[in-house]
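Number of protein chains: 2
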Amino acid sequence: MQNVYPEATLRKFTHDVFIAISCSEEHARLATDVLLKSDLRGIDSHGVARLSGYVRLWEKQRINATPNIQIVHETPTTATVDGDAGLGLVVAPFAMQVAIKKAQQYGSGWVSVRNSNHFGIAGYHALMAVEQDMIGFAMTNASPLVAPTFTNERLLGTNPMCYAFPAGKYPPLIVDMATSAAANGKLEIAQRSGKAVPEGWIQDATGQYTTNPHALKTGGALLPLGSDREHGSHKGFGLSATVDILSGVLSGANYGPWVPPFVAFMEPSANPPGQGIGHFLGAMRVDGFRPADDFKANLDNWIERFKSAKTVDDTQKVVIPGEPELEAEQDRKTHGIPLVQAVVDDLNTLADRFGLQRL
Amino acid sequence: MQNVYPEATLRKFTHDVFIAISCSEEHARLATDVLLKSDLRGIDSHGVARLSGYVRLWEKQRINATPNIQIVHETPTTATVDGDAGLGLVVAPFAMQVAIKKAQQYGSGWVSVRNSNHFGIAGYHALMAVEQDMIGFAMTNASPLVAPTFTNERLLGTNPMCYAFPAGKYPPLIVDMATSAAANGKLEIAQRSGKAVPEGWIQDATGQYTTNPHALKTGGALLPLGSDREHGSHKGFGLSATVDILSGVLSGANYGPWVPPFVAFMEPSANPPGQGIGHFLGAMRVDGFRPADDFKANLDNWIERFKSAKTVDDTQKVVIPGEPELEAEQDRKTHGIPLVQAVVDDLNTLADRFGLQRL
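Chains as they are written, first to last, in our numbering: chain L, 10 to 368; chain U, 10 to 368.
Honestly, the hints are just simulated from the structure, not real lab data.
We put the CB at the ideal spot given by N, CA and C, even for glycine.
You may find that some hints are simply not true.
[Said to hold, decoys possible] What follows is a set of in silico ranges between Cβ atoms, one per label pair, in the way DEER data are often shown:
| no. | chain 1 | residue 1 | chain 2 | residue 2 | range |
| --- | --- | --- | --- | --- | --- |
| 1 | L | Ala-301 | U | Ala-306 | 38 to 46 angstroms |
| 2 | L | Ala-301 | U | Gln-79 | 19 to 27 angstroms |
| 3 | L | Ala-306 | U | Gly-228 | 26 to 34 angstroms |
[Claimed, not checked] No more than 27 angstroms apart at the CA atoms, straight line, and that leaves these computed lysine-lysine pairs for DSSO-like:
| no. | chain 1 | residue 1 | chain 2 | residue 2 |
| --- | --- | --- | --- | --- |
| 4 | L | Lys-342 | L | Lys-178 |
| 5 | L | Lys-326 | U | Lys-226 |
| 6 | U | Lys-305 | U | Lys-326 |
| 7 | U | Lys-226 | L | Lys-316 |
| 8 | U | Lys-178 | U | Lys-305 |
| 9 | U | Lys-316 | U | Lys-305 |
| 10 | L | Lys-226 | U | Lys-319 |
| 11 | U | Lys-326 | L | Lys-226 |
| 12 | U | Lys-316 | L | Lys-226 |
| 13 | L | Lys-319 | U | Lys-226 |
| 14 | U | Lys-178 | U | Lys-110 |
| 15 | L | Lys-110 | U | Lys-110 |
| 16 | L | Lys-316 | L | Lys-195 |
| 17 | U | Lys-178 | U | Lys-342 |
| 18 | L | Lys-316 | L | Lys-326 |
| 19 | U | Lys-326 | U | Lys-316 |
| 20 | L | Lys-46 | L | Lys-326 |
| 21 | L | Lys-342 | L | Lys-326 |
| 22 | L | Lys-342 | L | Lys-195 |
| 23 | U | Lys-326 | U | Lys-46 |
| 24 | U | Lys-316 | U | Lys-195 |
Please put together the full structure from these sequences, using the hints given.
Take a look at the structure:
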């Protein structure tokens, strides 16, 4: 059963929860905006469905609701930001603002972030740059769920990479992807429905392929993009490693198996090599390379050429990266955001706890 | 049958061929260094095996052996370089030097390149940054061979991405990968041996999976990393699109299906939207984020943790990105570079033509 809520209803609700855990008005508004952007764009796994998860981490004092986020190291175009254990939902936009300011002055800006938490969808942060006619980059490491090629250990997160480009008459082109074969959100959907997953998404506790969506609970792992060595899983591993190094090793955050878990019932490592989780954000002015209008005209041409490509099958059209999310956003802004009952129940538990009106 | 040649022999031979097509001494030396680095590192498809291909493009006046490579647009940390139709083997190192200089002064440097040609292995250029204690980025677009998800047209090249990081006691960690499921070089090996390729590497002229390695000659295409939609081919498409946009659209080079072919017998598009092929190169000072020794100590720890990971199967160890190439380099520096007979014959044809000593 699904329930559909107007954006404004979920926005007020989410904001009030962040206020209830003592976020400032500004932070509550921003964190809400990041979560709602995810729900609007159809990425249900990263929106209000995670709200109670953030609250549980706050209860365990693993999220600081009143962080002192600051730059701890910098050059004209690079910086490291310490998130002071704040919500990644506010730390990452802070860091992206730093990158954008540097790019305004010097052409590009690059910020590695330590001591943060889950930052929501990477696309939110990358799009901040696009609004300034810049190319946006956003990555984060995450709780270890993925076994690198040939291993039987969870050593990497689904470590997403996002690249976002401003177009002219078309919406921004946004590549926002987990570097695993399947995003964890897709696995969760299969778990709820009890359906088998395709071979190549996960391995079981012995390291063999399995189609059982629950295998992660019994020692299994997600697989890197490429699925197996023959199909390039070492490339998915390499991309995920890149995200981990830029986000975690470069900033002084944790990395690899030491990245703290998002779920509050799992304890972080006892002797971690860094602080919190790490992100990496970047912005480059398009007109640092050529006039922005020229770039946009060519990107429009690129998009048109790919959209008009000959397809294998008439029923499946070419999908320009970012297009499905924008379609969802337009639809949900008008028709509301559907939530599964489990999420509604979860949010109503928060409502009861904080004395807010139930959904 | 294989023949093994000392590095110095192939270096002199290659250098003399570049001189014969009227490259300057400096360019001949540099282009040779890029090709030999590929052969040394075991990437046989991108080394001297391609030398006659460059010569044929020069004969067709599609490569300018005496280019005036220059910066045509810049900010303190960004630039666009016009390669004047020169060898990518010399244009890309020029651009990376620009990026490194900017990084020395401002923390990072980013250069998009137009009007270039095939630049050899991406790793060569990224490693130039690593030698300066910087993180190196290198990408290039390439002749269209890959069909994006759901399409039945070759619209993208194998568009490689490379990220290279300096470690402490370990060699640099280098992710250098085609964004297709299989690199074209691997397909060529299968074509020579006549062996079937795994499902998921290529599609035939009707857009269906095929294991026939020759399917590209009859209207087929390589597939993006991920192979099919269910296993994330839209991610491989997204990564390849990112490379194409940063290299081609951002610089004013060609992009998508208009990228000129490497093989001289295929004519470039009649009305291309840009100039030549495009690259994108970047360098970021590690100490722009934290002291380089701290970064290297953590990266060493990262490498050690991953190397010691529990494996699925005792016979297959965890491979740290860049490690196999370094092992090949150490071996081939000592024991020589093996070439298949077809490559030796090809080089000897060049020898006869330019009056050089045969191999």
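Okay, the hints, checked on the actual structure:
| no. | hint | in the structure |
| --- | --- | --- |
| 1 | L/Ala-301 to U/Ala-306: 38 to 46 angstroms | holds (41 angstroms) |
| 2 | L/Ala-301 to U/Gln-79: 19 to 27 angstroms | holds (22 angstroms) |
| 3 | L/Ala-306 to U/Gly-228: 26 to 34 angstroms | holds (31 angstroms) |
| 4 | L/Lys-342 to L/Lys-178 | holds (21 angstroms) |
| 5 | L/Lys-326 to U/Lys-226 | holds (25 angstroms) |
| 6 | U/Lys-305 to U/Lys-326 | holds (23 angstroms) |
| 7 | U/Lys-226 to L/Lys-316 | holds (25 angstroms) |
| 8 | U/Lys-178 to U/Lys-305 | holds (8 angstroms) |
| 9 | U/Lys-316 to U/Lys-305 | holds (16 angstroms) |
| 10 | L/Lys-226 to U/Lys-319 | holds (18 angstroms) |
| 11 | U/Lys-326 to L/Lys-226 | holds (25 angstroms) |
| 12 | U/Lys-316 to L/Lys-226 | holds (25 angstroms) |
| 13 | L/Lys-319 to U/Lys-226 | holds (18 angstroms) |
| 14 | U/Lys-178 to U/Lys-110 | holds (26 angstroms) |
| 15 | L/Lys-110 to U/Lys-110 | holds (21 angstroms) |
| 16 | L/Lys-316 to L/Lys-195 | holds (26 angstroms) |
| 17 | U/Lys-178 to U/Lys-342 | holds (21 angstroms) |
| 18 | L/Lys-316 to L/Lys-326 | holds (8 angstroms) |
| 19 | U/Lys-326 to U/Lys-316 | holds (8 angstroms) |
| 20 | L/Lys-46 to L/Lys-326 | holds (25 angstroms) |
| 21 | L/Lys-342 to L/Lys-326 | holds (24 angstroms) |
| 22 | L/Lys-342 to L/Lys-195 | holds (23 angstroms) |
| 23 | U/Lys-326 to U/Lys-46 | holds (25 angstroms) |
| 24 | U/Lys-316 to U/Lys-195 | holds (26 angstroms) |
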